[in-house]
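Colleague: Residues per chain are reported as follows:
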Amino acid sequence: MNNYTSIHDIKNLSKTIQEAITLKANPFQFDTLGKHKTLVMLFFNSSLRTRLSTEKAAKNLGMDVMILDISNTWNLEFKDGTVMNLQTAEHIKEAAQVISQYADIIAVRAFPSLKNKEEDASEYILNSFKTYASVPIVNMESATAHPLQALTDAITITEHAIKKKPKVVLSWAPHPKALPHAVANSFIKTMQLLDVDLSVTHPKGYDLASEIIKDTPVFYNQKKALQDADFVYVKNWSSYDQYGQVISQDPNWMITKEKIGNASCMHCLPVRRNMVIADAVLDSENSIVIPQANNRTFAAQIVLKNLLEQLSS
Amino acid sequence: MNNYTSIHDIKNLSKTIQEAITLKANPFQFDTLGKHKTLVMLFFNSSLRTRLSTEKAAKNLGMDVMILDISNTWNLEFKDGTVMNLQTAEHIKEAAQVISQYADIIAVRAFPSLKNKEEDASEYILNSFKTYASVPIVNMESATAHPLQALTDAITITEHAIKKKPKVVLSWAPHPKALPHAVANSFIKTMQLLDVDLSVTHPKGYDLASEIIKDTPVFYNQKKALQDADFVYVKNWSSYDQYGQVISQDPNWMITKEKIGNASCMHCLPVRRNMVIADAVLDSENSIVIPQANNRTFAAQIVLKNLLEQLSS
Amino acid sequence: MNNYTSIHDIKNLSKTIQEAITLKANPFQFDTLGKHKTLVMLFFNSSLRTRLSTEKAAKNLGMDVMILDISNTWNLEFKDGTVMNLQTAEHIKEAAQVISQYADIIAVRAFPSLKNKEEDASEYILNSFKTYASVPIVNMESATAHPLQALTDAITITEHAIKKKPKVVLSWAPHPKALPHAVANSFIKTMQLLDVDLSVTHPKGYDLASEIIKDTPVFYNQKKALQDADFVYVKNWSSYDQYGQVISQDPNWMITKEKIGNASCMHCLPVRRNMVIADAVLDSENSIVIPQANNRTFAAQIVLKNLLEQLSS
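Protein chains in written order, with my numbering: chain G, 3 to 315; chain X, 3 to 315; chain A, 3 to 315.
If you are wondering where the hints come from, they were derived from the structure by calculation, not from laboratory data. Watch out, some of these pointers could steer you wrong.
Identical chains share a label here; the pair holds if one copy fits it or two copies do between them.
Unchecked claim - DSSO-like cross-link-like pairs, simulated, lysine-lysine; straight-line CA separation at most 27 Å:
#	residue 1	residue 2
1	LYS132	LYS26
2	LYS179	LYS81
3	LYS81	LYS259
4	LYS26	LYS39
5	LYS259	LYS26
6	LYS37	LYS26
Just need the whole structure built from these sequences, with the hints factored in.
Modeller: Okay, here's the thing in structure tokens:
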């Protein structure tokens, strides 16, 4: 693994999931592997879980961690050839090369604008770091992907599955704000790699990119989709066709106790209670959102461990 | 000790004070006790002394520290049953449980609004963390209490006392802004546990909560109150009856060289010079505010040490 | 060395440069020197390179690092005798003494206002820390000096020089915003100590302080100045005579491929491409700005190492 910007950067997903579960049982087993190695975490957007779990994962491996919150005071230029006489003070070419000299691994969080589909799809921030940095890049959620969350989800489903090929349904749910597609995209791409029966359900107008969906079944009828599900992964996203728009907040799509049945309920958090998922689900044994969040640490740790081993090989 | 949210969480205050003084003489004596243990510090409000001293205390014990500044971008919901379709993005139930999985101890700073007496008195932020977190909670100043400061003050008075039962006076002093009651409350509660002759002085209208004051003598005549004091603890607070109001900035209540006499002058800092305490006091040998601030480290360190020992027992 | 606030705090510059180059070859050689020692980094202004490189330098030496971003919420008072009844909440006397108790070394970044020449020249922030702190102070760029950058530059020129007494030219270049004189000042002071042929070039009206320039040749004709240069150090600064004003943005002063010739091009970064330096220079082998930025770590590390050795002696 040279970078971790997509779930496809993992060569053997099943093996990596098992390694993460083993690591979880003994998280300090490799606590000198990262000695004298530095993780620089760059946040273009704020973060709770990703920040704490990734920092903790690095420290479990003995790494040093340096965190930089990129505010408006540090505007980066990403375009080639620009005459930088306006708002941008530093070009990504310099920034990425310079930070590479202070870091052994760079982790980047940069959300989409949700205003310009092509620009977001280009992943210009993440890809510029990949292009110009001389050290591995870890994606802490980019415009279109959140592979640390997706690996977390794969670990969680593996741990909680009680049958060989569980039925996994990704269900859209309402939310007052326009949210990115990153979590949904990476979840689908990851489940497509595992031995699960995957389907997606959302209202009309909320279709995800066809290159993500591929041949995964999509249902506009949530009730039908959720039938006999083993895992219901709940997530809001804004419209992809009417890019970045909130075209429905239909409360009928909220996940309720009745809808969840015997399934395990997953969510990447933060979750708006009684808007996205009802209290009765989150406060029941159906909810596995808390152990799911715990696995963020071990997803990050197995990724960092693999990158560190690559560095020293 | 399961949490440290009040001075009453300390079972044997005198013993703990002595342990802190012993620790101060050799602060790195237990520098492996916190190995592989993480302190997460959550700041709903900014901090200088509390932040640096608590972080240092944790590192003196070999702990890892992760710091999260909670800004307006991360609005927590504290009420049960709310339909979260407005400003709050995450419920404390999830937040506290999730952070507990990344932390061995969580320290929280959350000031009062000073607008709603009942809400502040309910300590809903601190108590929600206590309710939902699965790890010990340390109060780094809440709406109504600042027990790390109070333990600091007890250590400082113990170190500097030259007679068996020193006279300790808590004196209100003027300030341009409305300040919380937390420091005054915790100081009084702590002094009530020690063998000191405690009294309080403030202008009319500044009476503290009666359940705090209990039978501690209160004087509206500052001069009379300060007579023959060994320690004068200076602090502003806003009115408790006319909740959160500044009803006096009377400069006659400033602590001057004349008023302090031979007493030691204490203050939790930051202090507004020549408004709260005169330069002539702060720049004299009467002032022990600097060694007092130094004890913040050892108060935090003895608390963390006790919590860590509890964790591993 | 008791503090590092000016390049003149280094007793033997050549020896220190060589020690830094040696350290760079083996940066973890002294990784226990800083054990149980804490660097507190105070940022009155934001920082990328200085922050990451200084933090990394400290950790390479085994130090603990605590970082405090000083925002508008923590206004310090620097004047003696003020009645602090307005915006300032804490006096530097207390702040510096208190932080000294939590730190073994304090590093401070505080830019000039560029509005009041005398006030900026007084270096009241940095000097107040020197006056009141009881531990060594490191200047991470003050109103008028940036000695960590200047030591970096000296290391870089020493590494890259291919003749005994290289010709070094500091050239002003255009910039849309008013920038401080600190980098230019410290660069000149440092080069004056080395065996180089130093000159400075800038448009009329951009003369630096005469006590900095001393007998260093100054040219208003950039072309003439750059002739046969071995190193061209590019930097914008605002007018010193018309204090803090941008009196020219003349694009003819931008550094181009033609102007740079065979010289090595240096810049402290961040650099505005095609405004200050052309892409054709920055993307060519003439540019040594990236290895120059790398040396920030080792400049900081040799300074911290010297201060730590002083502490324990």
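Colleague: For every hint, state whether the structure bears it out.
Modeller: Evaluated hints:
| no. | hint | result |
| --- | --- | --- |
| 1 | LYS132 <-> LYS26 | between (29 Å within a copy, 26 Å between copies) |
| 2 | LYS179 <-> LYS81 | between (29 Å within a copy, 21 Å between copies) |
| 3 | LYS81 <-> LYS259 | between (49 Å within a copy, 20 Å between copies) |
| 4 | LYS26 <-> LYS39 | both (21 Å within a copy, 15 Å between copies) |
| 5 | LYS259 <-> LYS26 | neither (31 Å within a copy, 55 Å between copies) |
| 6 | LYS37 <-> LYS26 | both (20 Å within a copy, 17 Å between copies) |
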